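> One-letter residues, chain by chain:
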Amino acid sequence: MPDNPPPQKPLICPACFAREIDPVMLNFDPEDGGEYYCTHCSYTAKTREAAEAFIRDHIRHRHGIRTTL
Amino acid sequence: MLYTNIIHRVDARADSREAMTFQWQAARRLSIPTTTLLTYPALFMDEAIADVEKLRGEADELGLHFHNLQSPRFLERFGTRESAFWLLPQKIRIALLDEMMTAFERRFGHLPKSVGGYIIDAWTLAHIKKTYPTVETAITSCFEEGVKMFYGNNRNWFLFSDGGPWNPYFPSRANALVPAADAEEAIDIVAMPHLNRDMIMALNSRDDLFASHPGNLFRARINEGAECPYLFRFIEAWERQAALNGWSYLNIFVSSPWMSANHWAIGNIDDARTLYTRMLEDLKAREERGTNANTTMDAFGTVFRNRVRPGDATLCHWKDEIKQSKREVVWVVNSHHRCAFDMNRGGALVDFRPYAGRLDGNLGPECPALWNGNYPFLISTEHCGGHWNTAQYASLSNGIHSFTTTDRRTRATVEQTGENAWTFRTETLRIKLGEHTLVLQSTWEVSAGAGIRIRRTVLEYDGDPAALRLTETFLGRPGLHEYPGDLREITLHAAPGTRLPFTYSSEAKKIPDPHAVGADIPSLGLHVALEALTPATEGLLGDGWLFKPCFQLALTYAPKPGEDIITCLTTRPLKNP
Ligand SMILES: [Zn+2]
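Here the protein sequences line up with chains A and B, keeping their order. Residue numbering for the first sequence is 1 to 69, as defined by the numbering used here. Residue numbering for the second sequence is 1 to 577, as defined by the numbering used here.
No lab work stands behind these hints: they were computed from the structure. Bear in mind the structure is a predicted one, so any value in this text is a computation, not a measurement. Do not rely on the hints blindly, as some may be mistaken.
Just a few of them, taken from the derived set where beta-carbon distance is under 7 Å, the chain A residues facing chain B [what the hints assert, rightly or not]:
(1) 29
(2) 36
(3) 39
(4) 42
(5) 61
List time: in silico BS3-like cross-link candidates among lysine-lysine, alpha-carbon distance up to 25 Å [to be verified]:
(6) B/432 with A/9
(7) A/46 with B/326
(8) A/9 with B/326
(9) B/575 with A/46
Residues of chain B clear of chain A, computed beta-carbon distances all greater than 12 Å [what the hints assert, rightly or not]:
(10) 13
(11) 82
(12) 111
(13) 204
(14) 216
(15) 286
(16) 324
(17) 326
(18) 407
(19) 421
(20) 457
(21) 574
Where a beta carbon is used, it is the ideal one built from N, C-alpha and C, also for glycine.
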């Protein structure tokens, strides 16, 4: 079992970011195949990609602004 | 045993009365007794009283509820547009109580044993008990509704009752959010929470949305149509608490507007009513299995008085029922303090409300607190910037590498070790310090007393143990909300004989061989201390600075593998603050 988080660029918590609290970083728990978790809210993700997708899919809608690039 | 209390509220509006009829019939069909509380407008409305007479069963209890006051009669009688009972001028509050009690007695031939409000402060509660001694139980607070609900409700919901117990208790005459230490201090009323709350959301979000309230679960959008598995996990979780305390109480109070088709938060009323009915069926099934008793406020009050004395402690071990993630919190409350230990942060104490100062929490235009009924915190990671700014935790170092317990998620094992005594411990954590590995376990002993014993045990270390240092840190900031007050009232102390006044200097004073490090907090009327029950090698008193307005207390130890390092976190009243 790896002990400490893998040395990667920190991920912000997308759920905290969605309610405009940042920067809250996700911690990594190596147990059960590994999981990213937020220490502030209850957000969890199995992969970095899932956390990044949350931001892509949801956060641009905050303030009722539907931003498309 | 779980004791579940289905509570109804009788309102005057036609759609609410139709919803009330549904709620009452749903309970009657399953022979579930209810407590039905009448509001001021309903008490004076013959049609609403006729509904009550027609629908109530023999096992149903009737009482009063002090909300939804506003009505033409109220305005005419009392001449105020203040709509919150707990904020009314005291004279009006008394006159309203008298009028409601008299009307209730005239309608039903006796005075009520149970009453409820969103907040009932100590002054009002003591007045009720003195004037109407038949009252045995009261709903007196909304657990952890305060700062976060104010923001979440678009900054217009002036209900502040952060800092009290989640469970029923005997409230202190000094402050109704504080559990009394003994019968002499207690107002002789069993105080109950308005709803049970999700005990993780109570820490970090809207625990009005995630509560024992199917309508609010719709508002939280945690349902799919009539499906809401969370509600049933939530009930199960409260049933589990009985194993830790000998009893558990579940307050389900869905006021009738929430079961009405017109409610803004309810999408499909048929779905909402289906979920409500399924909830009652689940509670009935639990009763038939022998793990739940459906009861009234008054009947539960009798059970409570037979089991619990003023001064007793209760504990809640809450797991994440929303996402079913690994997250867990342990809550403890007694007459000295309320604590939340977040296992997501290695068991750090993340919310700490010490009650030693017995601060005045009475509300209304005559009272210094006016509208803010929150009991102040000494630690709140939610309001004071995460564990960087306030928390109690430990760190370990081998002189080169270090580790902080807040960086590791863990689970808790809780064990009741005696009457009013529990031990809970983290999993054993394997920690990397450079190329070396250390195995650590943290254990807390909590009770009805003021002291919390924190035990850290280095179970294994494959490096040089002589280089190891373990530091217990307490980062505190007194407050009622996010904005810090003037902390220059604080003085830090170390036994024996060292002082450091808080001046925002950022000075850190080291103390060799300390017995204890502590702080006087005059605005909270208390002294807080970390006491070294194992000899410490060094102590630290840390002044804050304006960008980090917190004080720091720390004790450092030289841990040997296999030996316990024991620290006691304690508070006591401050003499002559
Ligand atoms: Zn988060």
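> Does each hint hold? Answer for all of them.
Against the structure, the hints come out as follows:
1. The criterion of a C-beta within 7 Å of any C-beta in chain B is met by residue 29 of chain A, whose closest approach is roughly 5 Å, and the hint holds.
2. Taking 7 Å as the C-beta cut-off, the interface hint given for residue 36 of chain A is violated, the closest approach to chain B being about 11 Å.
3. Given the 7 Å rule on beta carbons, the hint for residue 39 of chain A holds: about 5 Å separates it from the nearest Cβ of chain B.
4. The criterion of a C-beta within 7 Å of any C-beta in chain B is met by residue 42 of chain A, whose closest approach is roughly 6 Å, and the hint holds.
5. A distance limit of 7 Å between C-beta atoms decides the matter here; for residue 61 of chain A the minimum to chain B is near 14 Å, and the interface restraint is violated.
6. In summary, the hint linking residue 432 of chain B to residue 9 of chain A is supported, as the alpha carbons are separated by about 20 Å, within the 25 Å threshold.
7. For the proposed pair residue 46 of chain A and residue 326 of chain B, the alpha carbon gap of about 13 Å is at most 25 Å, so the pair holds.
8. Note on residue 9 of chain A and residue 326 of chain B: the hinted pairing holds, with a Cα-Cα distance of about 24 Å set against a maximum of 25 Å.
9. The suggested pairing of residue 575 of chain B with residue 46 of chain A is violated, with an alpha-carbon distance near 53 Å, which exceeds 25 Å.
10. In this structure residue 13 of chain B is separated from chain A by more than 12 Å, as the shortest Cβ-Cβ distance comes to about 32 Å.
11. Taking the minimum C-beta to C-beta distance to chain A, about 32 Å, the non-interface status of residue 82 of chain B holds against the 12 Å cut.
12. Distance to chain A confirms residue 111 of chain B as a non-interface residue, since its nearest Cβ pair spans about 45 Å, more than 12 Å.
13. Under the 12 Å C-beta cut-off, the non-interface status given to residue 204 of chain B relative to chain A is violated; the minimum distance is some 6 Å.
14. Taking the minimum C-beta to C-beta distance to chain A, about 17 Å, the non-interface status of residue 216 of chain B holds against the 12 Å cut.
15. Taking the minimum C-beta to C-beta distance to chain A, about 26 Å, the non-interface status of residue 286 of chain B holds against the 12 Å cut.
16. The Cβ of residue 324 of chain B does not lie farther than 12 Å from every Cβ of chain A; its closest approach is about 10 Å, which violates its non-interface assignment.
17. Not every Cβ of chain A is farther than 12 Å from the Cβ of residue 326 of chain B; the closest lies at roughly 7 Å, contradicting the non-interface assignment.
18. Against the 12 Å criterion, residue 407 of chain B falls within the reach of chain A, whose nearest CB is about 7 Å from its own CB.
19. In this structure residue 421 of chain B is separated from chain A by more than 12 Å, as the shortest Cβ-Cβ distance comes to about 29 Å.
20. Every beta carbon of chain A lies more than 12 Å from that of residue 457 of chain B, the smallest distance being close to 18 Å; the non-interface claim holds.
21. Listed as outside the interface, residue 574 of chain B is consistent with that label: its C-beta sits roughly 32 Å from the nearest C-beta of chain A, beyond the 12 Å cut-off.
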